[in-house]
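These protein sequences, in sequence, are chains A and B.
Counting from 1, one number per residue, gives the positions in the first sequence under full-length UniProt numbering.
Counting from 1, one number per residue, gives the positions in the second sequence under full-length UniProt numbering.
Certain hints may be false.
You can't tell identical chains apart in this list, so a pair holds if it fits in one copy or across any two.
As the list claims (entries may be wrong) - Taking lysine-lysine and the DSS-like style, the derived pairs with C-alpha atoms no more than 25 angstroms apart in a straight line are: (1) K213 to K241; (2) K241 to K316; (3) K138 to K266; (4) K305 to K97; (5) K173 to K97.
Derived by calculation from the structure, the hints in this document are not laboratory data.
2 protein chains.
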Amino acid sequence: MVTVRAPGKVILYGEHAVVYGEPALAMAVNKYIYVTAKARDDNKVSINARDLRLAGISVTIHENGDIVARTDYGAVISALSYVKRAVELAMEYFNKKVGIDLMIRSEMPVGAGLGTSAAVAVATILAYVKELGYDVDKRELARLAWQVERDVQGSASPTDTTMATFGGIMYIKPEGNSTAMEPVKPGVTIPLIIGYTPRVSTTKDLVAMVRRKYESMRDVIEPIIRSIGVITRKGREALEKGDLELMGVLMNINHGLLDALGVSTKQLNEMVYVARYAGALGSKLTGAGGGGCMIALTNKSEVEKAIELTGGSVLKAGLDTDGTVVISND
Amino acid sequence: MVTVRAPGKVILYGEHAVVYGEPALAMAVNKYIYVTAKARDDNKVSINARDLRLAGISVTIHENGDIVARTDYGAVISALSYVKRAVELAMEYFNKKVGIDLMIRSEMPVGAGLGTSAAVAVATILAYVKELGYDVDKRELARLAWQVERDVQGSASPTDTTMATFGGIMYIKPEGNSTAMEPVKPGVTIPLIIGYTPRVSTTKDLVAMVRRKYESMRDVIEPIIRSIGVITRKGREALEKGDLELMGVLMNINHGLLDALGVSTKQLNEMVYVARYAGALGSKLTGAGGGGCMIALTNKSEVEKAIELTGGSVLKAGLDTDGTVVISND
Numbered sequence: 001m002v003t004v005r006a007p008g009k010v011i012l013y014g015e016h017a018v019v020y021g022e023p024a025l026a027m028a029v030n031k032y033i034y035v036t037a038k039a040r041d042d043n044k045v046s047i048n049a050r051d052l053r054l055a056g057i058s059v060t061i062h063e064n065g066d067i068v069a070r071t072d073y074g075a076v077i078s079a080l081s082y083v084k085r086a087v088e089l090a091m092e093y094f095n096k097k098v099g100i101d102l103m104i105r106s107e108m109p110v111g112a113g114l115g116t117s118a119a120v121a122v123a124t125i126l127a128y129v130k131e132l133g134y135d136v137d138k139r140e141l142a143r144l145a146w147q148v149e150r151d152v153q154g155s156a157s158p159t160d161t162t163m164a165t166f167g168g169i170m171y172i173k174p175e176g177n178s179t180a181m182e183p184v185k186p187g188v189t190i191p192l193i194i195g196y197t198p199r200v201s202t203t204k205d206l207v208a209m210v211r212r213k214y215e216s217m218r219d220v221i222e223p224i225i226r227s228i229g230v231i232t233r234k235g236r237e238a239l240e241k242g243d244l245e246l247m248g249v250l251m252n253i254n255h256g257l258l259d260a261l262g263v264s265t266k267q268l269n270e271m272v273y274v275a276r277y278a279g280a281l282g283s284k285l286t287g288a289g290g291g292g293c294m295i296a297l298t299n300k301s302e303v304e305k306a307i308e309l310t311g312g313s314v315l316k317a318g319l320d321t322d323g324t325v326v327i328s329n330d
Numbered sequence: 001m002v003t004v005r006a007p008g009k010v011i012l013y014g015e016h017a018v019v020y021g022e023p024a025l026a027m028a029v030n031k032y033i034y035v036t037a038k039a040r041d042d043n044k045v046s047i048n049a050r051d052l053r054l055a056g057i058s059v060t061i062h063e064n065g066d067i068v069a070r071t072d073y074g075a076v077i078s079a080l081s082y083v084k085r086a087v088e089l090a091m092e093y094f095n096k097k098v099g100i101d102l103m104i105r106s107e108m109p110v111g112a113g114l115g116t117s118a119a120v121a122v123a124t125i126l127a128y129v130k131e132l133g134y135d136v137d138k139r140e141l142a143r144l145a146w147q148v149e150r151d152v153q154g155s156a157s158p159t160d161t162t163m164a165t166f167g168g169i170m171y172i173k174p175e176g177n178s179t180a181m182e183p184v185k186p187g188v189t190i191p192l193i194i195g196y197t198p199r200v201s202t203t204k205d206l207v208a209m210v211r212r213k214y215e216s217m218r219d220v221i222e223p224i225i226r227s228i229g230v231i232t233r234k235g236r237e238a239l240e241k242g243d244l245e246l247m248g249v250l251m252n253i254n255h256g257l258l259d260a261l262g263v264s265t266k267q268l269n270e271m272v273y274v275a276r277y278a279g280a281l282g283s284k285l286t287g288a289g290g291g292g293c294m295i296a297l298t299n300k301s302e303v304e305k306a307i308e309l310t311g312g313s314v315l316k317a318g319l320d321t322d323g324t325v326v327i328s329n330d
C-alpha cells in the first residue's frame with residue numbers, strides 16, 4: 001500500500017495575461033491531495049474519494065480494457081474522470097493492467113482554482129506506479145499528468161501539473177506553442193491566506209469571455225494585459241529580493257486589472273478588500289476568477305477572521321518545496 | 001430677490017487619467033445647488049446654508065472690504081469659503097460692494113465628488129450679479145467660478161465650473177497647460193443612478209497617491225492610464241451612437257482600472273457590484289474615489305434598492321442641458 005501526496009498551487013501574478021504571451025508566477029502551496037493505492041487481486045479499479053465531497057463510488061475495468069464508472073451522477077463522473085484517465089494512462093505507459101483500490105483525500109476545496117485536478121492526476125499516477133513497484137521520472141510524471149488534463153478537458157496549460165509534480169515557485173513563460181517554466185527562489189517566507197467561495201463560472205468560459213473582449217476592443221484590453229505582464233516581472237523580482245511590501249502593492253494592482261477584465265465577483269472583491277483593511281500587505285483573486293479563490297499576503301489571524309465574516313472559507317498556506325512525494329510505502 | 005440654480009456633474013469616463021493628458025467625459029446632472037440672493041441695505045453678507053448640512057452662519061464685510069466669517073468652526077468655514085470668495089470676486093469684477101443675503105440649498109451630497117463646490121461658486125456669482133441688476137457672459141462666469149475654486153483650493157481643474165455653468169456633456173481634452181472642452185451630443189437618454197458614501201480621502205491625497213505609483217512604477221501604471229484614455233474615446237463614440245450597452249461594458253472596465261490605481265474602497269466596490277447584479281448595464285466609481293460616488297447606467301429601481309441595502313445613499317439623475325439658470329427674479 002502506497003500513499004502519495006501532491007500539492008495545490010496558487011497564481012501569484014499573471015493569470016489570464018499568460019494566455020496572451022505574458023509570464024505568470026505560480027506557487028505550490030502546502031495543502032495536498034493524498035492518494036493511497038493498494039493493488040487488488042482482481043482487475044477492478046475502486047475509488048473512494050469521500051473527502052473530495054464525492055460519494056465513494058466504484059469503477060470497473062471492463063474486459064476490453066475500458067474503465068467505466070458505475071453511476072451516471074454527472075458531477076462525480078466529471079471529477080473522477082481525472083482519476084480514471086490517470087489510471088488508464090499509467091496502465092498504458094507501463095503496459096500493465098492491475099486492479100487497484102484508490103483512496104483520495106483533499107485538504108483543499110475541489111474545483112476552486114487551486115489545481116486540485118492536476119494534483120489528483122499527479123498523485124494518482126505516482127501512487128499507482130509505486131504500488132506496482134515501478135518508478136517514474138518527475139518529468140515523465142508531469143508529462144503524463146498533463147496528458148490526463150488535456151484528455152479530460154480538451155486543452156490544458158501545463159502549469160498545474162508542473163506545480164503539483166515539482167512544487168516550489170515557477171516563473172511561467174509562454175514561448176510560441178510551448179511553455180517554459182523557470183524555478184524561482186524566494187528571498188523571504190511567503191505567508192498566504194487563501195479565501196474561497198463557490199465558483200459561478202468555469203475557467204473555460206472566463207477565458208473565452210476575456211478573449212471576446214480582447215477581440216472586440218483590443219486597444220483597451222491589450223494595455224491591461226501588458227501591464228499585468230510588467231507586474232509579474234516586477235513581482236518575481238520583489239519575491240527574489242524578499243520585498244513583501246512591493247509584492248503586496250503589485251497584487252493589489254493586479255487584482256484591479258483582473259476586475260477590469262471582468263473576471264472578479266462581488267464576493268471575491270469583498271474578500272480581497274476586507275483582507276487589505278484587516279492588514280494584509282496585498283490581496284487579489286487567484287486563478288481564473290468567477291468565484292473561486294483569492295489570496296492575501298499575510299499570516300494575520302485578523303485577516304482570516306475578516307474573510308470568514310464575509311462568508312468565505314479560509315486556508316492558511318505556505319510554500320510547498322517538494323512537489324509530489326511518497327509519504328508511505330509498505 | 002433672485003434665485004439661481006447650477007447643476008452638479010459626474011465623470012462618465014477618464015477621472016485620474018485626465019491628470020496624465022488623457023481625455024475625460026463629464027456629464028452635468030439634473031441635481032442642483034440653489035442660491036437665492038437678496039440685496040441688503042447694509043454692507044453685510046449673510047449666508048444661510050442649512051441644506052448644505054452647515055449651520056446657518058453670518059459673515060460680515062469689514063470696512064476694509066474683507067469678508068470674515070464670524071465663526072471658527074472649521075468645516076463650515078471650509079465649505080463657506082467658496083461662497084465668500086465667489087462674492088468677493090463678483091464684487092471685484094463689477095467693482096461694486098453691496099451687502100447681500102444668500103440662501104443656499106443643495107439637492108446633492110456636498111463634498112462627494114459631484115462638483116457641488118463649483119456649483120456653489122457658479123450659482124453664487126450669478127445670483128449676486130443678477131440681484132445687482134447686472135449681466136454676465138457664461139464664459140466670464142465660468143472663468144470667475146474657476147478662479148474661486150483655484151483661490152480656495154490652491155489648484156483646480158476647470159471641469160466642474162464649466163459643467164456647472166454650461167451643463168450638457170463635455171469631452172475634456174487636456175492640451176498642454178490648458179484644457180479644451182468640447183460639447184458632446186448624446187444619441188440616447190442616459191439614465192443614471194448615483195450611489196454615495198462618506199469620503200475617507202481627499203481628491204488631493206488620491207491624486208498624489210496615484211502620482212507616487214506612477215513615478216515609482218511607471219511601466220505598470222502608464223498602460224493603465226492609456227487604456228482609460230481609449231475607454232474614454234470609445235465611451236464618447238458609444239454615447240454619440242446611443243449604444244448604452246457598450247457604454248456599460250466600458251464603465252465596468254474603467255472601474256477595474258480605477259481599482260487598479262488604488263482609488264476605490266470596499267464600499268464603492270460593493271455598490272458597483274450590486275448595481276451590476278441588480279441589472280445595471282455598467283457601473284463605476286466616479287470622481288476621485290476614496291469613498292464618494294459611484295454611477296450605475298440604469299434607471300431600474302432594483303438597482304436603487306440594491307445600493308441602499310449596502311448602506312449607500314441614492315440619487316436618480318438625468319442629464320442637465322441648461323447649466324446654470326435664473327429660475328426666479330422678482
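Evaluated hints:
Taking the shortest alpha-carbon separations for K213 and K241, only the inter-copy value of 20 angstroms comes in at or below 25 angstroms, while the best intra-copy value is 35 angstroms. For a Cα distance limit of 25 angstroms, the shortest separation of K241 from K316 inside one copy, 23 angstroms, qualifies, whereas the shortest one across copies, 50 angstroms, does not. Taking the shortest Cα distances, K138 and K266 never come within 25 angstroms of each other, neither inside one copy (40 angstroms) nor across copies (44 angstroms). For a Cα distance limit of 25 angstroms, the shortest separation of K305 from K97 qualifies neither inside one copy, at 49 angstroms, nor across copies, at 62 angstroms.
For a Cα distance limit of 25 angstroms, the shortest separation of K173 from K97 qualifies neither inside one copy, at 37 angstroms, nor across copies, at 72 angstroms.
In this structure, the hints that do not hold are numbers 3, 4, 5, in rising order.
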